[in-house]
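Engineer: Letter by letter, the chains look like this.
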Amino acid sequence: DQQVKQNSPSLSVQEGRISILNCDYTNSMFDYFLWYKKYPAEGPTFLISISSIKDKNEDGRFTVFLNKSAKHLSLHIVPSQPGDSAVYFCAAYNFGNEKLTFGTGTRLTIIP
Amino acid sequence: NAGVTQTPKFRVLKTGQSMTLLCAQDMNHEYMYWYRQDPGMGLRLIHYSVGEGTTAKGEVPDGYNVSRLKKQNFLLGLESAAPSQTSVYFCASSNTRAGAGAVNEQFFGPGTRLTVL
Numbered sequence: 002d003q004q005v006k007q008n009s010p011s012l013s014v015q016e017g018r019i020s021i022l023n024c025d026y027t028n029s030m031f032d033y034f035l036w037y038k039k040y041p042a043e044g045p046t047f048l049i050s051i052s053s054i055k056d057k058n059e060d061g062r063f064t065v066f067l068n069k070s071a072k073h074l075s076l077h078i079v080p081s082q083p084g085d086s087a088v089y090f091c092a093a094y095n096f097g098n099e100k101l102t103f104g105t106g107t108r109l110t111i112i113p
Numbered sequence: 146n147a148g149v150t151q152t153p154k155f156r157v158l159k160t161g162q163s164m165t166l167l168c169a170q171d172m173n174h175e176y177m178y179w180y181r182q183d184p185g186m187g188l189r190l191i192h193y194s195v196g197e198g199t200t201a202k203g204e205v206p207d208g209y210n211v212s213r214l215k216k217q218n219f220l221l222g223l224e225s226a227a228p229s230q231t232s233v234y235f236c237a238s239s240n241t242r243a244g245a246g247a248v249n250e251q252f253f254g255p256g257t258r259l260t261v262l
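From first to last, the protein sequence lines are chains Z and B.
Take 2 as the starting number for the first sequence in the numbering used here and just add one per residue.
Take 146 as the starting number for the second sequence in the numbering used here and just add one per residue.
Hint data in this document are derived by calculation from the structure and do not stem from the laboratory.
Glycine residues also receive a C-beta, built at the ideal position from the N, C-alpha and C atoms.
Be aware that one or more of the hints could be misleading.
As the list claims (entries may be wrong) - A few chain Z positions that, by computed beta-carbon distances, are all more than 12 Å from chain B: (1) R18; (2) S50; (3) T64; (4) K69; (5) T110.
To be verified - Cβ-to-Cβ under 7 Å is the rule here; a few derived chain Z residues that face chain B: (6) P41; (7) F47; (8) D56; (9) P83; (10) F103; (11) G104; (12) T105.
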């Protein structure tokens, strides 16, 4: 049972435009949501997070939006740059069991 | 400061062979984790440790054992490898939870690509 879902396996965006990556979850008990970025042959690296009590968190070009009623979050990257080409994983954290549950990932390709 | 390192980077095993994957972190983190990544599956937690001398099962623990004899090291063992264990294995570490309002960011190693024939 996939508690965290990323329904788009891939996404291509023109350089300079906005990239929007989506994530849905089923467990309303998650306390934090995180986005990780992964380049080939490297481990995932933390990008940005949002508490379940917030609806938006911004860090430079990256903004994460959380819609708790829809159990949906999204990562906005603007403007998109070639170095943003990577696989992005959505993850959800539960303080109770201290576990991080990952989505399946979305491969973002920025077209120059 | 090397962060999280994993040894080896690649390995090919025959069915039934055993091996140990080593993870080391130099950030003095309490928590350490082993994940596997398979196509279309995301990262799944195998085992984790909340401190030296402790281990606990994650989502997919069968066929694996772990040990945390030293705070900086977390070992993942495969006693009798099976083709279903072909995967990329990631180790991660994190601080203990700082409290409400803090996020438990995990730092990942570069991964070990294991093929079981």
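Engineer: Hint by hint, say whether it matches the structure.
Structural biologist: Hints and how they fare:
The claim that R18 (chain Z) is not at the interface with chain B holds, since no C-beta of that chain comes within 12 Å of its own (minimum 26 Å). With a cut of 12 Å on Cβ distances, S50 (chain Z) falls inside the contact zone with chain B, its closest approach being about 5 Å. Residue placement check: T64 (chain Z) keeps its beta carbon more than 12 Å from all beta carbons of chain B (closest about 16 Å). No beta-carbon of chain B comes within 12 Å of the beta-carbon of K69 (chain Z); the shortest separation is about 17 Å.
The beta carbon of T110 (chain Z) is kept farther than 12 Å from every beta carbon of chain B, the shortest such distance being approximately 18 Å. Proximity of P41 (chain Z) to chain B is violated relative to the hint, the smallest CB-CB distance being about 10 Å (cut-off 7 Å). Because the beta carbon of F47 (chain Z) sits about 5 Å from the nearest beta carbon in chain B, less than 7 Å, this interface hint is met. For D56 (chain Z), the shortest C-beta to C-beta distance to chain B is roughly 16 Å, which exceeds 7 Å, and the interface hint is violated.
Violation of the interface hint for P83 (chain Z) is found here, the shortest Cβ-Cβ separation to chain B being roughly 22 Å, above the 7 Å cut-off. Hint on F103 (chain Z) holds. Least Cβ distance to chain B is approximately 4 Å, under the 7 Å limit. The restraint placing G104 (chain Z) at the interface with chain B holds, with a minimum CB-CB distance near 5 Å, inside the 7 Å limit. At its closest, the beta carbon of T105 (chain Z) sits 4 Å from a beta carbon of chain B; the interface hint therefore holds under the 7 Å criterion.
Consistency with the previously given hints fails for numbers 2, 6, 8 and 9, ordered from lowest to highest.
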